[in-house]
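Novice: Chains as they are written, first to last, in our numbering: chain B, -2 to 557; chain A, 108 to 554.
If you are wondering where the hints come from, they were derived from the structure by calculation, not from laboratory data.
Heads up, the beta-carbon is just placed ideally off N, CA and C, and yes, glycines get one too.
What you were told as hints is all true, and nothing was included just to trick you.
Between beta-carbon pairs, the in silico distance windows are:
1) Ala50/B - Arg229/A: 30 to 38 Å
2) Leu377/A - Ala152/B: 44 to 52 Å
3) Glu303/A - Asp403/B: 53 to 61 Å
Going by beta-carbon spacing under 7 Å, a handful of chain B positions derived as facing chain A:
4) Gly93
5) Thr103
6) Gly105
7) Gln170
8) Gln198
9) Gly406
10) Leu556
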Amino acid sequence: MLASIGCGDSSTDEPSATPSNNPSSNGVADTGVSTTPDTSEPDTGTTVAEYPASYTPGPTAMRRLTGPQFENSVRDILGDGIVIPELAEPDLPIGGLLSVGASVSTLGARGVESLESAAYAVAEQAMDTPERRTTLVSCTPADTVDSGCAEQFVAEFGRMAWRRALTNEERAQVVSIADQAAEQLNDFYDGLEFAVAALLQSPNFLFRIELGTLDPNTDTRTFTDLELASRLSFFLWNTTPDAELLNAAEAGELSTDEGLRAQAERLLASPRARLAMRNFFSEYLQLYELEHLFKDPMLFEHYNSELGADAREETLSLMEHIVFDTESDYRDVMTTRETFLNPRLAALYGVPAPTREGFGLARLPASEGRAGLLGHASLLSIHSHPVASSATLRGVAVRTILLCQDIPGAPVGVDTSIPEPSGDTLTLRDRVAEHLTNPDCAGCHLLTDPIGLGLENFDGIGRWRDTDNGATIDASGELDREEFNDPVELGRVIRNHRDFAPCLVKTMTRYAIGRIESEDEEDVLDVLAERFEVKHAFRVQPLLLEIVTSPMFRAGGALN
Amino acid sequence: MSSRKYTLSRRTFLRGVLGGTAISLGLPPLEAFFNANGTAYAVDGAFPKRFGLFFWGNGMLPDRWVPAATGPDWEATEQLAPLANLRSEITLLTGMEVKTGNPVPHGSGPPGLLTGDGPVDRNGSFGESTFPGPTIDQIMAGEIGGDTRFRSLEIGVEQGTTGLSHNGPDSINPAETNPTALFERLFGADFRAPGEEPIIDPKLSLRRSVLDAVMEDSNRLNQRLGASDRIRLEQHFSAVRDLELRIARLEEDPPNLAACIRPDAPPTELPDINGRPPMRERSRLMTDLVTMAMACDMTRVLSFWFTRPVSNVLFPTANAGHHQLTHDEPGDQPQVNQIVISIMEDLAYFLESLRSIPEGDATLLDNSIILATSDVSYARTHQINEYPLLLAGSGCGTLRKGFHYRSTTQENTSLLSFSLLRAMDVRVSEFGTGPGHVTQGLSAIEP
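Please put together the full structure from these sequences, using the hints given.
Specialist: What follows is the structure, given as structure tokens:
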């Protein structure tokens, strides 16, 4: 179980989180990631943890396509080069994850309006050249109105759009629209445009329906092969299932673990999996906050309007690298000296750029105080103010995002101001002293501020500084009774924290199944976390395979 | 019927006040707006009632907001000074309180006021909460939105936010914050000014057939889902049906309102100003567009989301983000004060803009009810008593206006929402739940 930290008298309420004594953590050398790309399973001789025999799963909800999923799906079923307008319906996070928010969201008036116009915009492009027509339409119409050919198109294209074969009734309805349009507009392909528009506006496209087959004895719904195909594809590729996956589903191959694994491995081997993993980390690390980053350019000389996009690219590139290139211990993301920089970021960090333009792999020198994710401009600037750094925001981010711990919000009525720098209260550490001594504040702030104060060498946009208002920064502190003297050591403490790797497992599973786990399902997550550590040495790709073959992926509970 | 068409640009005569402080237009009505009798055109002689919500984040400073005098002779305080010329149009309500609890700082006032219930607090670490039900603008849109091209309009100024207007939990009507996109949507290909031919396009009826099919898909699917998912699907269904009705409307004659003309397109680029977001410039462009949209009767329900709760926008006069200043600026917070004044200047521009549109013997502002409000009063301590509530317009005389009413008993803000719903012809007999529940309106503003 992950530690849930509450506020209370800090002197008696010691958090019990300690770094895990797991067999495969071997301490991290300053040289960074241990690179042993090795796909075989380490044989530790220990028994692999088993899933609980029975448990009560959480509710099964229909899942709306997120913005990126909408765009990817339309592109994949209509072809590259189609310009796809954006849906005017926000993706909203739950637990920080847009994919979980997708299980409670719908489409409002504005969203429906924008979907209609997007559907016609892409339908028109899809039918506007002979090349596109022959790609999408496998028959040649005999006449302006050709119901037979229209039906063939609707059946084939509809199956790809709705991720399942249409019923006779559904097909007939769309064909009649195509025929009606072809007649009124006097063009067969104009008719098909309306068929495409109808299929893309349908809730059968917009929502992923996961109903499964109900076992009344256990009140558990086991997802059908076709539902699993969608789950797999949206998790590992962030898009609609391709033809091969649908075929495998229709042939019943996904019912067995072997069949499911085989498809999962096929998906993971594709470049699309990299983009999908980027999407996961973008949600997990809440990098969507970078889209509207605003910093005062008068205070931050190195700030420019590209910072948000650059910072996002750095972090996602590193994640992709660890998952797919080095295929190494995920925890090393907290300590690695490797990162991905373009010239602008390199200038911000004060290190040589690895390439003259664009992004390249960089190795930060051991003399630098910057290593791992905590040294990334992304997290450092998101969890800061437009005009300054923030120990509290950064501390909260470490606890809630990286360690999956709960930190209650600030009480409503308190005065939270801190004094301006003056006299001998110059650094942020001096100025937040009140947070850490006032009993109304200390219960929570002692959990967060010491962490953030350990990052004070990074200003509000992630640039290194040795002093703040002229005073030397003291970056020492303690996190759950492990001490650190600087951000590199803080990174190591987090890497080895017992909640760090399980937090990835929990978040990744929530993302995959689109909801928060039930209380019973926490036991399933514990098993996954143990396998991640003991069986797979914290490598992410095997974790992905464990997740998709786990009972939480294959089945759900009562309908939402 | 054709009318003389002048290619007027409202911005031509309003340009002079950009960047000004107190705004005083006082222009004579322009000739183009009148028919031969000298009174402006109307739809069947009666102008429709409109409702608008103007929302800004992070409240105000009560000691510089609340006027000393009550009644019609109140004098504008420092923060209300930009609205001094609109005093006769304004009803200022002070001393009222949101009663539904304050579990989520900045996130409790808006649902309390606009839905009559507290927020759905997800109790997670990320401060996520949502509204428990539809906001009053959407309740009104449900009643009156069927008669206009758009059921409601939501616009905003701060970038990268969602919106205030809710259809229900987790269902927000996103605010459009790009003036060019708004212009395209309102005055692009589907726009017809009064006197112009309606759109004749065979595709309109085909589009409606498609939406019929989508609704049938939805009905088939609905039967197989659980209760919560059915609600979600039904919201989608309503939105689809609503769209179908609007497409049908495109085939009708446009509403015959004389003040309606196609405005100029706004500039496509709005650069930052000294590294700060161009809040005023964007706000005024959006104001011009939605004023004309309402003058054209494209919608009767508007939500204007200037900044969001907890907004940390860097205003031109400030050296830190707005939200940070509300907590960290010491003493009487002069920078926070200046930000509130600045926002009130943009509110004044919006209200003057509505007042500049003649409708019969009255103005668009007279025929509207605008509620300007925020998420808190004193932001430093997240207070939801002494709530900022500023009404403008009288909704064609359905509400009293032109005075300062101070509640000495911390009356429930739900009373106001009840009155507003009734004023907009939503025949409610109650509003809100629990401590937010009321069965009557605010008598001070009801005639």
